[in-house]
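Asker: The residues making up each chain are set out below.
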Amino acid sequence: MNAHHNPFRMSRIERIPPQLVNRDALWQQFSQQHGRGALIGPHGSGKTTLMEHLQRDAQQRGWLVRSCFINDTTCVTWSVLSNLLIPLAQQKSAQQIPTQRILICIDGAERISPWLWWRFMRRLPADHALLITSHRAGRLPTLHQHTTSAALLRWCVEYVMPNSTLTSEQAHGLFAQYHGNIRDCLRHLYDSWDSSTHRPGLPTQTAR
Amino acid sequence: MNYQLILTKNNFRGGESLTGTLSWTDVLTPTTTELRLYWWTEGKGTMDVGVAARLTLECSNQQGQQPFSFIAPHEPVSCSGSLLSIRWGLELVALPKQERLTEANVIISYDGEEIPLADNNNAT
Numbered sequence: 358m359n360a361h362h363n364p365f366r367m368s369r370i371e372r373i374p375p376q377l378v379n380r381d382a383l384w385q386q387f388s389q390q391h392g393r394g395a396l397i398g399p400h401g402s403g404k405t406t407l408m409e410h411l412q413r414d415a416q417q418r419g420w421l422v423r424s425c426f427i428n429d430t431t432c433v434t435w436s437v438l439s440n441l442l443i444p445l446a447q448q449k450s451a452q453q454i455p456t457q458r459i460l461i462c463i464d465g466a467e468r469i470s471p472w473l474w475w476r477f478m479r480r481l482p483a484d485h486a487l488l489i490t491s492h493r494a495g496r497l498p499t500l501h502q503h504t505t506s507a508a509l510l511r512w513c514v515e516y517v518m519p520n521s522t523l524t525s526e527q528a529h530g531l532f533a534q535y536h537g538n539i540r541d542c543l544r545h546l547y548d549s550w551d552s553s554t555h556r557p558g559l560p561t562q563t564a565r
Numbered sequence: 427m428n429y430q431l432i433l434t435k436n437n438f439r440g441g442e443s444l445t446g447t448l449s450w451t452d453v454l455t456p457t458t459t460e461l462r463l464y465w466w467t468e469g470k471g472t473m474d475v476g477v478a479a480r481l482t483l484e485c486s487n488q489q490g491q492q493p494f495s496f497i498a499p500h501e502p503v504s505c506s507g508s509l510l511s512i513r514w515g516l517e518l519v520a521l522p523k524q525e526r527l528t529e530a531n532v533i534i535s536y537d538g539e540e541i542p543l544a545d546n547n548n549a550t
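The listed protein sequences correspond, in order, to chains A and B.
Using this note's numbering, read the first sequence as starting at 358 and increasing by one per residue.
Using this note's numbering, read the second sequence as starting at 427 and increasing by one per residue.
One thing to keep in mind: the hints can contain errors.
Cut-off 20 Å, straight-line C-alpha distance, at most; resulting in silico cross-link-like pairs (DMTMM-like, lysine to aspartate or glutamate) [to be verified]:
1. Lys-470(B) / Asp-414(A)
2. Lys-435(B) / Glu-484(B)
3. Lys-435(B) / Glu-517(B)
4. Lys-435(B) / Asp-537(B)
5. Lys-470(B) / Glu-540(B)
6. Lys-470(B) / Glu-371(A)
7. Lys-523(B) / Asp-414(A)
8. Lys-470(B) / Asp-548(A)
9. Lys-470(B) / Glu-409(A)
10. Lys-470(B) / Glu-515(A)
11. Lys-523(B) / Glu-484(B)
12. Lys-523(B) / Glu-409(A)
13. Lys-435(B) / Glu-540(B)
14. Lys-470(B) / Asp-429(A)
15. Lys-523(B) / Glu-442(B)
16. Lys-435(B) / Glu-525(B)
17. Lys-470(B) / Glu-467(A)
18. Lys-435(B) / Glu-529(B)
Chain B is faced by these chain A residues, among others (derived, beta-carbon under 7 Å) [stated by the list, open to error]:
19. Asn-359
20. His-361
21. Ser-368
22. Tyr-547
Derived from the structure by calculation, the hints contain no laboratory data.
Backbone N, C-alpha and C define an ideal beta-carbon position, used for all residues, glycine too.
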């Protein structure tokens with residue numbers, strides 16, 4: 358089985374659009390929150406996916422987007438965060454983008470220490486918009502609260518593999534096995550994809 | 427507007443000339459395009475991408491064609507297994523908006539064939 362034939366390969370998973378999210382309404386809310394917003398939710402609930410869609414929206418609107426991805430292997434130092442600001446300041450001083458709006462995106466902001474966060478927010482120019490993802494609310498006004506369900510898992514599977522044979526019961530089993538983490542459920546389906554039958558494999562065990 | 431990449435062949439050895447022709451029709455305004463020879467990964471993990479070479483091609487008439495030529499890089503080679511595939515392709519984008527106009531897949535390896543990767547689960 359070639360990886361590029363697997364329907365659950367990452368390049369397809371990343372194309373799943375955020376379901377039931379009105380992005381125009383989110384942009385309106387983001388504006389009302391003075392360009393500050395947090396996408397809140399548990400692991401594998403689509404925060405990064407939604408952020409990537411919002412980044413593309415912003416670029417299409419002519420914004421300059423700077424982004425930073427923080428995970429458990431990233432050492433978050435001041436230089437990581439200040440890099441989001443310094444090049445922008447240089448570009449602005451050179452008047453290369455005198456009127457362009459700037460959006461800074463930080464994926465995984467809950468991993469930034471309170472001290473670094475405070476320092477970053479003090480340095481952040483007021484006219485820069487800031488969008489973060491986090492598992493916990495509190496650092497910025499919540500823009501969207503993500504939730505997951507077995508029905509959402511089935512919808513995602515149907516999106517990458519129309520006419521999927523994954524039943525509701527199987528979806529519930531997977532959803533429970535991976536504690537609601539849709540990304541991990543889709544990884545399971547990647548591993549268990551049976552190219553001979555063109556069906557996703559069943560959960561190996563369920564924790565229902 | 428319609429753009430087409432016509433390659434002399436699709437399988438190449440590293441160091442070999444990768445040649446073809448870009449043809450276009452119904453291009454109403456002169457367009458500057460960039461042709462990129464690039465590789466990308468597909469599989470369970472996050473996609474990686476690298477651009478090996480690029481050419482700027484001007485489409486100044488409503489229709490026309492222009493030959494292009496790259497030297498096929500020696501690495502990374504086209505390969506595929508259950509966890510990862512490395513693939514090569516050409517993409518034509520309009521500048522400066524980076525709008526993708528057309529694309530074509532190619533295979534680049536030691537012998538011009540995609541290299542199968544062993545599946546650890548089946549290895550003895």
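Asker: Between Lys-470(B) and Glu-540(B), is the straight-line Cα distance small enough, at 20 Å or below?
Answerer: holds, 19 Å
Asker: Tell me if the straight-line CA distance from Lys-523(B) to Glu-409(A) falls inside 20 Å.
Answerer: holds, 18 Å
Asker: Does Asp-414(A) sit within 20 Å of Lys-470(B), going by the straight-line distance between their CA atoms?
Answerer: violated, 26 Å
Asker: Would the stated hint for His-361(A) survive a check requiring a Cβ distance to chain B of less than 7 Å?
Answerer: holds, 4 Å
Asker: Between Lys-470(B) and Glu-467(A), is the straight-line Cα distance small enough, at 20 Å or below?
Answerer: violated, 26 Å
Asker: Within 20 Å, alpha carbon to alpha carbon, are Lys-470(B) and Glu-371(A)?
Answerer: holds, 11 Å
Asker: Is Lys-435(B) close enough to Glu-540(B), meaning Cα to Cα at most 20 Å?
Answerer: Satisfied, since the Cα-Cα distance of roughly 14 Å is no more than 20 Å.
Asker: Can the hint on Tyr-547(A) be confirmed by a CB-to-CB distance to chain B that is less than 7 Å?
Answerer: Result: holds, 5 Å to nearest chain B Cβ.
Asker: Between Lys-435(B) and Glu-525(B), does the CA-CA distance stay at or below 20 Å?
Answerer: Between Lys-435(B) and Glu-525(B) the Cα gap is close to 25 Å, so the pair fails against 20 Å, i.e. violated.
Asker: Going straight from one Cα to the other, do Lys-470(B) and Glu-409(A) come out at no more than 20 Å?
Answerer: holds, 19 Å
Asker: Does Glu-484(B) lie within 20 Å of Lys-435(B) when you go C-alpha to C-alpha?
Answerer: Not OK: Lys-435(B) and Glu-484(B) at ~23 Å, beyond 20 Å, violated.
Asker: Hey, Lys-470(B) versus Asp-429(A), does the alpha-carbon distance stay inside 20 Å?
Answerer: With a Cα-Cα distance of about 19 Å, the restraint between Lys-470(B) and Asp-429(A) holds, given a limit of 20 Å.
The structure fails to meet hints 1, 2, 15, 16 and 17 from the earlier list, while all remaining hints are met.
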